[in-house]
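Enquirer: Each chain, written out:
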Amino acid sequence: MTAPGTGNAAPERPQTIVLAEPELERLRAAGRWARSLARTGMVAFSMVLVLLLDVGVRNGQSLTRAARAQQTPMLASGALFVLAGIVAIALLWSYAGNVAAFFVRGEPALTRSFRRLRQFFMLWTCYAAIGAFLEFIAAWTRF
Amino acid sequence: MATTTSNPFEPPRTTDLDRADAPGPMVVSAEALRELAATAPWVRALASVTMLTIAIEAVRLIADLGHTAVATNSFIVILSTGGSIAISTLVLRVLRRYAAASARLRDGNTTALGPIIGAQASYFKLVSVLAAIGTGVYIFGLAIGIGSGRFFSWIYK
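The listed protein sequences derive, respectively, from chains A and U.
Take the first sequence: its letter number 42 is residue 42 in our numbering, and every next letter is one higher.
Take the second sequence: its letter number 65 is residue 1065 in our numbering, and every next letter is one higher.
The reader is advised that the hints may include incorrect statements.
[To be verified] Stretch by stretch, here's where chain U covers chain A in the computed footprint (C-beta under 8 Å, at least three residues): (1) 16-26; (2) 117-126.
[Stated by the list, open to error] Here are the computed distance ranges between Cβ atoms for each label pair: (3) U:S1074 <-> A:V18: 31 to 39 Å; (4) U:A1086 <-> A:F45: 22 to 30 Å; (5) U:R1034 <-> A:T64: 44 to 52 Å; (6) U:S1084 <-> A:T141: 32 to 40 Å.
[Said to hold, decoys possible] Per the computed footprint, the stretches of chain U lying under chain A, defined by three or more beta-carbons under 8 Å from a beta-carbon of chain A, are: (7) 1055-1061; (8) 1111-1119; (9) 1126-1139.
To be clear, the hints were calculated from the coordinates, so they are not data collected in a lab.
Note that the Cβ used here is the ideal one computed from N, Cα and C, for glycine as well.
Could you build the full structure based on these sequences and the hints that come with them?
Expert: Shown next, in the form of structure tokens:
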């Protein structure tokens, strides 16, 4: 996928940079928070899944009724959030794991972690753009 | 493996991320820098989409208020959509900081690496805290649902 608005090629950069202690501490914090976010996401998605299963098994009709009561764009937005969320959790988990590997083994783990981060932002930008479009349709139908 | 910390404002500690035995100088390779620079347009695009979403939510807030006659419902609409706009604005602030630092790196300014990593940490911290609050509210609602027998009623049998 081509990056949006990349423009001209980036100027030449030095080959490598040595990270100072404050930057390393920030990188550790980024890894920890990314893992924390992935864990929270996993817990939240698991609980939603268990709840949906519980309601679906015991009273499937109410689940169908609740889904029908929603506007189609909002329903599509919810389904999209679940799909994008699951992939995002996997990417964040990989990012944090590779940051941790960088502190143990050095490169190329940091390159892999920044690649996962780029993929995460690509995914989330596409999700947010589709979400904004669906939100716009939902707002439009309210007028 | 997660470990506990006495400071509640510190990120959750994990044994592999808090290890001190780094293998010599920690070097960021040219390929890693290229990956960071390639992320810049996506972060900028995400910031733009977030701005657009805030505008759409503001329009939806006006539309919803126009359709709501009862004062209590208006309050709920303002609280939910207003809260969503406030959260998006907080995320937008961090994304703009990240995008600005990324743009500097793309222009060849390697001193932007520190601010980029700092912005990554701030972004994940903010979203993580927001997600934790959201999950906490969800658990609270779920607990009320279970307590009232609305969900998981088989527990009581």
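Enquirer: Can you list which hints this structure breaks, lowest number first?
Expert: 3, 6
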